[in-house]
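Q: Sequence:
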Amino acid sequence: MKVVRVQYTTKPEFAPINQANIAGIVAELKRLNHPGIKYTCWLLPDGKTFMHFDQLENEEAHQVLQSLASFKKFADELWASGLETEPVLELLNLVASTEAYFG
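When we follow the numbering used here, the leftmost residue of the sequence shown carries the number 793, and every step to the right adds one.
Incorrect hints may have been included.
[Said to hold, decoys possible] Calculated cross-link-like contacts (lysine-lysine; reagent style PhoX-like; alpha-carbon spacing at most 25 Å):
id, residue 1, residue 2
1, Lys-840, Lys-865
2, Lys-865, Lys-803
3, Lys-822, Lys-865
4, Lys-840, Lys-864
5, Lys-803, Lys-864
6, Lys-794, Lys-864
7, Lys-865, Lys-830
8, Lys-803, Lys-840
9, Lys-794, Lys-865
10, Lys-822, Lys-794
11, Lys-794, Lys-830
12, Lys-830, Lys-864
13, Lys-822, Lys-864
14, Lys-830, Lys-840
Calculated directly from the structure, the hints in this document are not laboratory data.
Quantities reported herein were computed from a predicted structural model and do not represent experimental measurements.
Let's have the full structure, built from the sequences with the hints guiding it.
A: Below, the structure is given as structure tokens:
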């Protein structure tokens, strides 16, 4: 299992566009219905800091996520937007959970 947490801050005017792009990723993932991808994104109280929390069965599932047209659009527009703080990526290790994960 691969668990990725990414956090960054957009400019205030880009936050609604980023939210729409993230909704596009979620819609495409729901259509794809890949059993090895769990994707969530949270907006922090400042209204412009985003935290993505991706739980992936394996590296193949991670590649599927990153190959989505909606993900590419999101990433391209995010980088072009002029971020306030650049993304910080962390790979996490599961210690315990009430949820069942990928085996």
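Q: So, for every hint listed, does it hold in this structure?
A: Going down the list of hints, with the structure as the test:
1. Lys-840 - Lys-865: holds, 19 Å
2. Lys-865 - Lys-803: holds, 18 Å
3. Lys-822 - Lys-865: holds, 17 Å
4. Lys-840 - Lys-864: Holds, at about 20 Å.
5. Lys-803 - Lys-864: holds, 20 Å
6. Lys-794 - Lys-864: Judged against 25 Å, a Cα distance of about 20 Å means the pair holds.
7. Lys-865 - Lys-830: holds, 19 Å
8. Lys-803 - Lys-840: holds, 7 Å
9. Lys-794 - Lys-865: holds, 23 Å
10. Lys-822 - Lys-794: Satisfied, since the Cα-Cα distance of roughly 20 Å is no more than 25 Å.
11. Lys-794 - Lys-830: Cα-Cα ~11 Å, so holds.
12. Lys-830 - Lys-864: holds, 18 Å
13. Lys-822 - Lys-864: holds, 17 Å
14. Lys-830 - Lys-840: holds, 23 Å
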